[in-house]
Amino acid sequence: DTAVSQTPKYLVTQMGNDKSIKCEQNLGHDTMYWYKQDSKKFLKIMFSYNNKELIINETVPNRFSPKSPDKAHLNLHINSLELGDSAVYFCASSQGSSGVYEQYFGPGTRLTVT
Amino acid sequence: AQSVTQPDIHITVSEGASLELRCNYSYGATPYLFWYVQSPGQGLQLLLKYFSGDTLVQGIKGFEAEFKRSQSSFNLRKPSVHWSDAAEYFCAVRGAAGNKLTFGGGTRVLVKP
Numbered sequence: 067d068t069a070v071s072q073t074p075k076y077l078v079t080q081m082g083n084d085k086s087i088k089c090e091q092n093l094g095h096d097t098m099y100w101y102k103q104d105s106k107k108f109l110k111i112m113f114s115y116n117n118k119e120l121i122i123n124e125t126v127p128n129r130f131s132p133k134s135p136d137k138a139h140l141n142l143h144i145n146s147l148e149l150g151d152s153a154v155y156f157c158a159s160s161q162g163s164s165g166v167y168e169q170y171f172g173p174g175t176r177l178t179v180t
Numbered sequence: 619a620q621s622v623t624q625p626d627i628h629i630t631v632s633e634g635a636s637l638e639l640r641c642n643y644s645y646g647a648t649p650y651l652f653w654y655v656q657s658p659g660q661g662l663q664l665l666l667k668y669f670s671g672d673t674l675v676q677g678i679k680g681f682e683a684e685f686k687r688s689q690s691s692f693n694l695r696k697p698s699v700h701w702s703d704a705a706e707y708f709c710a711v712r713g714a715a716g717n718k719l720t721f722g723g724g725t726r727v728l729v730k731p
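Order-wise, the sequence lines are chains A and B. So for the first sequence, my numbering puts the first residue at 67; every next one is plus one. So for the second sequence, my numbering puts the first residue at 619; every next one is plus one.
Rather than coming from a laboratory, the hints here were simulated on the basis of the structure. Worth double-checking, as some hints may not be accurate.
Now the stretches of chain B that chain A is said to cover, found in silico as 3 or more residues with beta-carbon under 8 Å [stated by the list, open to error]:
| no. | stretch |
| --- | --- |
| 1 | 673-686 |
| 2 | 690-697 |
| 3 | 718-731 |
Every beta carbon over 10 Å from chain B, so not counted as near; a handful from chain A, in silico [what the hints assert, rightly or not]:
| no. | residue |
| --- | --- |
| 4 | LEU93 |
| 5 | LYS106 |
| 6 | SER114 |
| 7 | GLU119 |
| 8 | SER134 |
| 9 | HIS139 |
| 10 | GLU168 |
Glycine is no exception: its CB is placed at the ideal position from the N, C-alpha and C atoms.
Could you build the full structure based on these sequences and the hints that come with them?
This is how it looks when you write it as structure tokens:
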């Protein structure tokens, strides 16, 4: 009965490749997020979707493209991977988009670009 | 722009001793404040949150935090730590209307036997 799940858990790939990370939540939430945690543990939001609509798009290279096929899924596709993309990517979801709603985090996907 | 500062990168504490983690925030209006814990190799788990009302909030695992508006602080405390409390702790802030959660840099807690 996992609340927010991500696949894969680990991803090792070479520079220049294209890869996707998938996220699914079974909480019935309307809002989903992608965060990036760098090697120094610093966490920063990348994107947020509410009812499949993009509502937050931070300063992220356009090689990163989120896709939300439905409210329960938010995938992250990365083109032309670079060394600096190595990080842990966390998906999260919340019941709504306002500040009162707690965000529930997935276990993370550790991406290593060689 | 909202921001969060956690001044202590690492803290080492003996098992059974008390713990206090500092958090200072910057936000133009009433903030919503959160503490999350990240165990090694795991995702983030919410420990507690402050929206309004009583400035001392209780959370899970015996943690509490106190909101002090005059000091722009939201420090996390635990009276007696357990070895299982060794983890990374993150303070975060967001506004009432927005859903952008801004995190501090984290504090790594090491627990000595």
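* **Separation of LEU93/A from chain B, once the least beta-carbon distance is taken, above 10 Å** => 13 Å, holds
* Going by Cβ atoms, does LYS106/A stay more than 10 Å from chain B at every point? -> Given a closest Cβ separation of 7 Å, the condition is violated.
* Against chain B, does HIS139/A hold up as non-interface, every C-beta pair farther apart than 10 Å? => At roughly 17 Å from the nearest Cβ of chain B, HIS139/A sits farther out than 10 Å, so the non-interface label holds.
* Find the nearest Cβ of chain B to the Cβ of SER114/A and say whether that gap is larger than 10 Å. => 6 Å, violated
* Asked: Are there three or more residues in the stretch 673-686 of chain B whose C-beta lies closer than 8 Å to some C-beta of chain A?
  -> It is violated, with 0 qualifying residues against the three required.
* To do: Hey, is GLU168/A genuinely clear of chain B, shortest beta carbon separation above 10 Å?
  => Violated, since 6 Å does not exceed 10 Å.
* Mind checking, does the stretch 718-731 of chain B have 3 or more residues with a CB under 8 Å from chain A? -> holds (count 7)
* Are there three or more residues in the stretch 690-697 of chain B whose C-beta lies closer than 8 Å to some C-beta of chain A? -> violated (count 0)
* Measuring Cβ to Cβ, find out whether SER134/A lies farther than 10 Å from everything in chain B. => Given a closest Cβ separation of 15 Å, the condition holds.
* GLU119/A clear of chain B by more than 10 Å, beta carbon to beta carbon? -> For GLU119/A, whose nearest Cβ neighbour in chain B is about 12 Å away, the distance exceeds 10 Å, so it holds.
Of the hints listed earlier, those the structure fails to meet are numbers 1, 2, 5, 6 and 10, in rising order.
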